[in-house]
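> Chains as they are written, first to last, in the numbering used here: chain A, 1 to 91; chain B, 1 to 91; chain C, 1 to 91; chain D, 1 to 91; chain E, 1 to 91.
Hints were generated in silico from the structure; no laboratory data involved.
It is possible that some hints are incorrect.
[Stated by the list, open to error] Listed next, the in silico DSSO-like pairs over lysine-lysine satisfying Cα-Cα at most 27 Å (straight line):
1. E:Lys35 to C:Lys35
2. C:Lys37 to B:Lys37
3. D:Lys14 to A:Lys37
4. C:Lys14 to E:Lys14
5. C:Lys35 to C:Lys14
6. B:Lys23 to B:Lys37
7. C:Lys37 to E:Lys23
8. A:Lys14 to B:Lys35
9. D:Lys35 to C:Lys37
10. E:Lys23 to E:Lys35
11. B:Lys37 to E:Lys14
12. A:Lys14 to B:Lys14
13. E:Lys14 to D:Lys37
14. B:Lys14 to C:Lys35
15. C:Lys37 to E:Lys37
16. D:Lys23 to E:Lys14
17. A:Lys37 to B:Lys37
18. D:Lys14 to A:Lys14
19. B:Lys35 to B:Lys23
20. E:Lys35 to C:Lys23
21. B:Lys23 to C:Lys35
22. C:Lys35 to A:Lys37
23. B:Lys37 to E:Lys35
24. C:Lys37 to A:Lys37
25. C:Lys37 to B:Lys14
26. B:Lys37 to D:Lys37
27. C:Lys23 to C:Lys35
28. B:Lys35 to A:Lys35
29. D:Lys37 to C:Lys37
30. E:Lys14 to A:Lys35
31. C:Lys14 to E:Lys23
32. D:Lys35 to D:Lys14
33. B:Lys37 to A:Lys35
34. B:Lys14 to C:Lys14
35. B:Lys23 to A:Lys37
[Stated by the list, open to error] Covered stretches of chain D, as calculated for chain A (at least 3 residues, CB under 8 Å):
36. 8-21
37. 38-50
38. 53-65
39. 73-85
Keep in mind that this is a model prediction, so the values were computed, not measured.
Glycine included, each C-beta is placed from N, C-alpha and C at the ideal position.
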Amino acid sequence: MDIGRVVGSIWATKKDDNMNGQKLLVLKMLLERGKEKPELVVAADIIGAGVGDLVLVVRGGAARYAVHNPNCPIDAAIVGIVDSIEVEDND
Amino acid sequence: MDIGRVVGSIWATKKDDNMNGQKLLVLKMLLERGKEKPELVVAADIIGAGVGDLVLVVRGGAARYAVHNPNCPIDAAIVGIVDSIEVEDND
Amino acid sequence: MDIGRVVGSIWATKKDDNMNGQKLLVLKMLLERGKEKPELVVAADIIGAGVGDLVLVVRGGAARYAVHNPNCPIDAAIVGIVDSIEVEDND
Amino acid sequence: MDIGRVVGSIWATKKDDNMNGQKLLVLKMLLERGKEKPELVVAADIIGAGVGDLVLVVRGGAARYAVHNPNCPIDAAIVGIVDSIEVEDND
Amino acid sequence: MDIGRVVGSIWATKKDDNMNGQKLLVLKMLLERGKEKPELVVAADIIGAGVGDLVLVVRGGAARYAVHNPNCPIDAAIVGIVDSIEVEDND
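Assemble the whole structure, with the sequences as input and the hints as a guide.
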């Protein structure tokens, strides 16, 4: 899984029927501690994350299991809200 | 999911039978707000997107669910037309 | 899907039994119009592409559907020969 | 598979029910011998790895097989603790 | 598929039960002709490749089909030993 930060929301009225009711959040993924990649990633959320939260993001086929709907055409989902990260890094 | 912009169309007469009737659009993916990656990505579309639209793009196995044909050999599909993106970004 | 150009062929006598009879072509993927990535990609082809052709390439699990053999251990396949690309690009 | 080094742990109280009980470790992936990529990757572990261990990491759908729970929404798992690597490299 | 060169072996005593008996080789992937990416990739091999061999590598879900064990938690496998590559490249 990757670590991202919720930075906003996205709206799409015309969309796949299986995506109706899906809450979609806009994320920036962590590049390293204190830095983020510039790309905006859109992930489905059923955990209840909000703007500013640090979140665990799953990509690929596993995202469909995260929303408990194997027919939902998504490839990224939030699977946890990060409470804390403890990294022992001595480089 | 990633965010892309529809920039054109592509035609392929000789193709896999399962792709017949699939509308294929050419996209550029957003690198960050106001910038796009140079690569051209081809995605299937059953939502009705057109040139200039900002779209939500799903990659990998989920794309087959987006066209409701699990045998269709595609790895990218448009799953929504973006109405608006709201990003709270204070870096 | 991505767009590539067929640049050659590859031979492998010792290979997985499920790959016997598979025609394998060597591709370079388009970086942007007029530029190609340096990496050589190997894709299965049942469409009938040849050296010089611009082709639509599918990656990942969908490639197995492209060769109509879900047990074939491939992750890239040619699904169409590109006739034309029309890109409206005003940057 | 890729080779990573365990650098820490991560806690997420609010998470997908299928992730309850999963031990999650934070990794840095090897770029080349003696160098690591800056990104932090989060992987599930049922092997018993600890901080400092060099580990084999599997990505994508295979990660769900590594935790023996095909419904677990994860995309990275530790599948082995590396004892030794022997590389004959003469460039 | 990608093209790699076998550069060594890796040992992991503590590992997933489904990986017992799997021969694991360490590869460097070709960046372009004559150049290799620095990353070490670990792939399962049932073809019989050895150090120095140029090999065809499959990534993702297809790797499990290459070892004929759909429960094996691997994401890279050698599916062929390359005899020759013929590239017509006139840039």
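> Decide, hint by hint, whether the structure agrees.
Comparing the hints with the structure gives:
1. E:Lys35 to C:Lys35: Between E:Lys35 and C:Lys35 the Cα gap is close to 19 Å, so the pair holds against 27 Å.
2. C:Lys37 to B:Lys37: holds, 14 Å
3. D:Lys14 to A:Lys37: holds, 25 Å
4. C:Lys14 to E:Lys14: violated, 31 Å
5. C:Lys35 to C:Lys14: violated, 34 Å
6. B:Lys23 to B:Lys37: With Cα atoms ~22 Å apart, B:Lys23 and B:Lys37 stay inside 27 Å; holds.
7. C:Lys37 to E:Lys23: Violated, because 32 Å separates the two Cα atoms, which is more than 27 Å.
8. A:Lys14 to B:Lys35: holds, 24 Å
9. D:Lys35 to C:Lys37: holds, 25 Å
10. E:Lys23 to E:Lys35: Holds, because 26 Å separates the two Cα atoms, which is no more than 27 Å.
11. B:Lys37 to E:Lys14: violated, 42 Å
12. A:Lys14 to B:Lys14: violated, 31 Å
13. E:Lys14 to D:Lys37: Satisfied, since the Cα-Cα distance of roughly 25 Å is no more than 27 Å.
14. B:Lys14 to C:Lys35: holds, 24 Å
15. C:Lys37 to E:Lys37: Holds, at roughly 14 Å.
16. D:Lys23 to E:Lys14: holds, 17 Å
17. A:Lys37 to B:Lys37: Cα-Cα ~14 Å, so holds.
18. D:Lys14 to A:Lys14: At roughly 31 Å apart (the allowed maximum being 27 Å), A:Lys14 and D:Lys14 break the hint.
19. B:Lys35 to B:Lys23: holds, 26 Å
20. E:Lys35 to C:Lys23: holds, 26 Å
21. B:Lys23 to C:Lys35: Roughly 26 Å between the alpha carbons, so the hint for B:Lys23 and C:Lys35 holds.
22. C:Lys35 to A:Lys37: holds, 25 Å
23. B:Lys37 to E:Lys35: holds, 25 Å
24. C:Lys37 to A:Lys37: holds, 22 Å
25. C:Lys37 to B:Lys14: holds, 25 Å
26. B:Lys37 to D:Lys37: This hinted pair holds, its Cα atoms lying about 22 Å apart.
27. C:Lys23 to C:Lys35: holds, 26 Å
28. B:Lys35 to A:Lys35: holds, 19 Å
29. D:Lys37 to C:Lys37: holds, 22 Å
30. E:Lys14 to A:Lys35: violated, 34 Å
31. C:Lys14 to E:Lys23: holds, 17 Å
32. D:Lys35 to D:Lys14: violated, 34 Å
33. B:Lys37 to A:Lys35: holds, 20 Å
34. B:Lys14 to C:Lys14: violated, 31 Å
35. B:Lys23 to A:Lys37: Between B:Lys23 and A:Lys37 the Cα gap is close to 32 Å, so the pair fails against 27 Å, i.e. violated.
36. 8-21: holds (count 11)
37. 38-50: holds (count 6)
38. 53-65: holds (count 4)
39. 73-85: holds (count 4)
Hint check: violations occur at hints 4, 5, 7, 11, 12, 18, 30, 32, 34 and 35; the rest are consistent with the structure.
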